[in-house]
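Enquirer: This is what each chain is made of:
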Amino acid sequence: MTRNSNKARIHVLPENLANKIAAGEVVERPASVVKELVENAIDAEATKIIIAIEQAGKNLIQVVDNGIGMNSEDIQTAFERHATSKIQSERDLEQIETLGFRGEALPSIASVAQVEVKSRHIKDTMGSVFTLHGGKDAKLKKIAANTGTSISVKNLFFNTPARRQFLRSDNSEYQQILTVLKRFFLAYADIHFELWVNGKEVFKLPECDLGERVEKILGSASFKGMLPLNASLGGIELSGFISRPDVVRKSRGHQFLFLNGRPIISKSLHHAVFQGYSNLIGPGEFPIFCLFLEMDPTLADVNVHPTKMEVRFSNDRSLYYFFINSIQKVLSAEGVVPELYAAPSGSAVQKESSAESRPREIIDEMKNRKRSMARFSGAQLSLTYFDTSEKKENPLQDSIRTEKTTIEPPAVAMEQYKTDVQFWQVHNRYILSEIKSGIVLIDQHVAHERILYEKISKIFNDGQKSFGQKLLFPQKINLNYEDFAILKEIIDVLNKMGFSIKTFSGTTVVIDAMPTDVKVGRESQILLDIIDYYKNEPLRDFNHTEKISAAYACKNAIKSGEKLSQVEMHNLVDQLFACESPFFCPHGRPVIITIDMEELDRKFKRIP
Amino acid sequence: MNFTISRNDFYRVLQKVINVIPNKSTVDILYSVLLIAEEDQLKIIATDLEITQIAWASCNVSEQGSIAVPGKLLLDIIREMPENDLTFKIDSNLKIYIESTFGEYKLSGQNKNEFPSVPLVETEHKIELKNTVLKHMIEKTIFACSTDNLRPALTGVFCQIMEDEYRMVATDGHRLVKIITHDFENKEFTENIIIPTKALNFVARNLPAEGSQKILISENHILFELPNTKIYSRLIKDPYPDYERVIPAQNSKQMEINKEQFISSVKRVSLFSNPMTYQVKLSLKPNEINIYAQDIDFGGEANETIACKFDSDPLDIAYNANYLLDILRHLDSEEIKFLVEDEDGPGIIVPFEQEEKEEILMLIMPVRLNS
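Residue numbers (this note's numbering), protein chains in the order written: chain C, 1 to 608; chain A, 1001 to 1371.
Simulated from the structure, these hints should not be mistaken for lab results.
For every residue, glycine included, the Cβ atom is placed at its ideal position computed from N, Cα and C.
Don't take every hint at face value.
Claimed, not checked - Only some residues are given here: those of chain A computed to face chain C with a beta carbon under 8 Å: (1) Pro1241; (2) Leu1363; (3) Val1367; (4) Leu1369.
What the hints assert, rightly or not - These stretches of chain A come out as covered by chain C in the derived footprint (C-beta under 8 Å, 3 or more residues): (5) 1167-1181; (6) 1265-1277.
Same shape as in the complex, but just chain C (with noise of 0.2 Å):
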């Protein structure tokens, strides 16, 4: 080539070329075709839409609608570019309702792939077929059909050989498809959906309202784990279903988030539900959730790519907040436990009923006995070193002594609580005690660490005070450099807990007083455990203040293997049920597990 060729260099790309181009962005693989056509079906106001693939879409993709469908010149025009009936004038981008709007979609497909598309408008009487082969050889006939359209797509990106050959397997490919349909299932409700592969029927989905269709999308074992959520603030409306927090997968694979029933996909507000489980669950695992956010659309842009699945937000952090709100508003009305399943599922229509309202229940029952304790038991304060004998001076113990003798308890559901509350420490590292409904284990390491964690939140956001205990002999601590640097990271917050650290010169720090609940014994070595916690673990969507009061927590927190006494037990379980949220530690693991009484009924055989 010459550069100083006198030939135009610059020139308008042919029509199909400019197609071929734009499929790239749009049809990216079987999917996106799938997606283009029920999007279609939708907007042209079908109730009945049925898909059928062959090959994961490779061979053929059908959809075939009752909609209002499509007269002949509308076919036909439909396969120009930027051709669409969706919008009139600019005005109507800025108020997208419909699911497609860009006039691209059509043409694009057709260009790289053979097109067959079937209509007739719900006025006509006739119908007409119109067939493209590659973008080209446009071919139109007038024949009989049923009000609707149906559009088969058959051998996708056969004259593009570079894309057919990436495509990915079969199997991986009918994924795509499915995660793409699983959206629209659960969008709309109201639509009875068909799924055919390989000529089997796959999903029936009559229409139904949501709840139905979400248990039927997410499987029923799923769906017992899924809590209702309705919300909503000013204008904007949120709904749906989100897991229990011990409801997780792992994989983002069950997630689902529609705005005015389009799917979508947006990082700030997914990362807003992770929020709101905040540290309810572990690194690695996601909660399962539908959501529908419905809104004014002037306030979102859907238009920012083509496959239509980013959102822009005019009031997106109102929105991320409206979101960690709501939704830990209802895992904590729910106070949810994780349960033992010893049996599979099997038995679980007969669980379903009794789980129900129990995680309150176990909440109410243990404090209500924490009550009683307190009252009766003197709740003595054992820590160190108290001298038995001198417990009959004091006067306060002895009238308590009496009163427990001779005054009746009130009420008849706190004597139910009131005898004979035992724990038991299992190998030194689980607590066991009996309530009403079974047996209930409790992990003493990560209880206590719940604890800690919450009393520490309590400081940071809503201003409690905290307490250091000062030290006779302020320890003199000599840091490396790294451990040193991490200390500089984290010394405002510590300092803040109750902790009172000063730096020196070179990399010496002095510690001259520690929280009130450092424990006895354990205090020279808990700011580098901090240390070396913050250091190495990797607590992924915790913010700085969280991450040390997580690391002190921890590190502080009885371990297991320690021997408890019972007071200790009594305490700690006190503690753990005064907490906001029981059930979980700082990192998502499960403090609390239950063992009905009907499990163990079932394993020792005693009903069948």
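Place chain A on chain C using the hints.
Expert: Same frame as chain C, now just chain A:
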């Protein structure tokens, strides 16, 4: 080995040493006691490697020898034996035969060579203390020791042997006790040692009420020579913190109060404090003290005011009630003095009048309010 001994003597001797046996150990032999029969005497030795105790009783030895026997098992056996003479024999297979008036019993022992040897305490350094004084000082100090194994020095009691006084100091970094007796004389040497708490516990338990005992101190060990028993203990060799420096010489504010009233008030109020921190607040006002506790989690709250003698500016200080009660309960006098400077510094508690030839001082660190 072959000896005959009265059941009661045996039982008494064994009981003396039995508590030295560790509850948990990786060295199995430590669960055993070593029986040594020699020269009309039965010696029983128990050790946990830190502390070794030897006790003895006279008996009728017809053949000398020694063997290690599981200690707790032996105690259980002897307890059930009739109150008559028992005869012990061993054979070459380390089987022990016990004969009582009712019959014969057999159990297995272990070779005496497997049992750790008793530390050698060769020293010129000897002191002598009155039993009453020693016991008193041990009782006043060991409660304040630390359990933090990472600071070994604080897990023992610091003893300072001076020319005309003997001091014991204990602290865990939150509170401190210093007790000095002047009823002491030792012109030969001065020395500072740290004795493990557990050893002092055994000593206190075995001290007779009357008389005085010899204490031998070598480089690494201390030996208490008590009637019919000897207690050896390893010394803690870590440096003890400079405690004198942290005791303020002059605290300007002084409160005088009746100890029993103060204790019962603090006890009552502390029942309402947070059971993890046991924090109580003392508000010192002219001639009265207000004691307050709150448990935010459970909504408990308590407030008491009692009379005291105080004429400085009002002051609020918070303490861990457990530490405070521990200290108060270990003071003997009816009236006590409480000396403070500000809400951040150490509080000093002393008896209103010191006992004769004795000085005792207790110190407690406050809980600081972070704002």
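Enquirer: Against which earlier hints does the structure fall short, listed by number upward?
Expert: none
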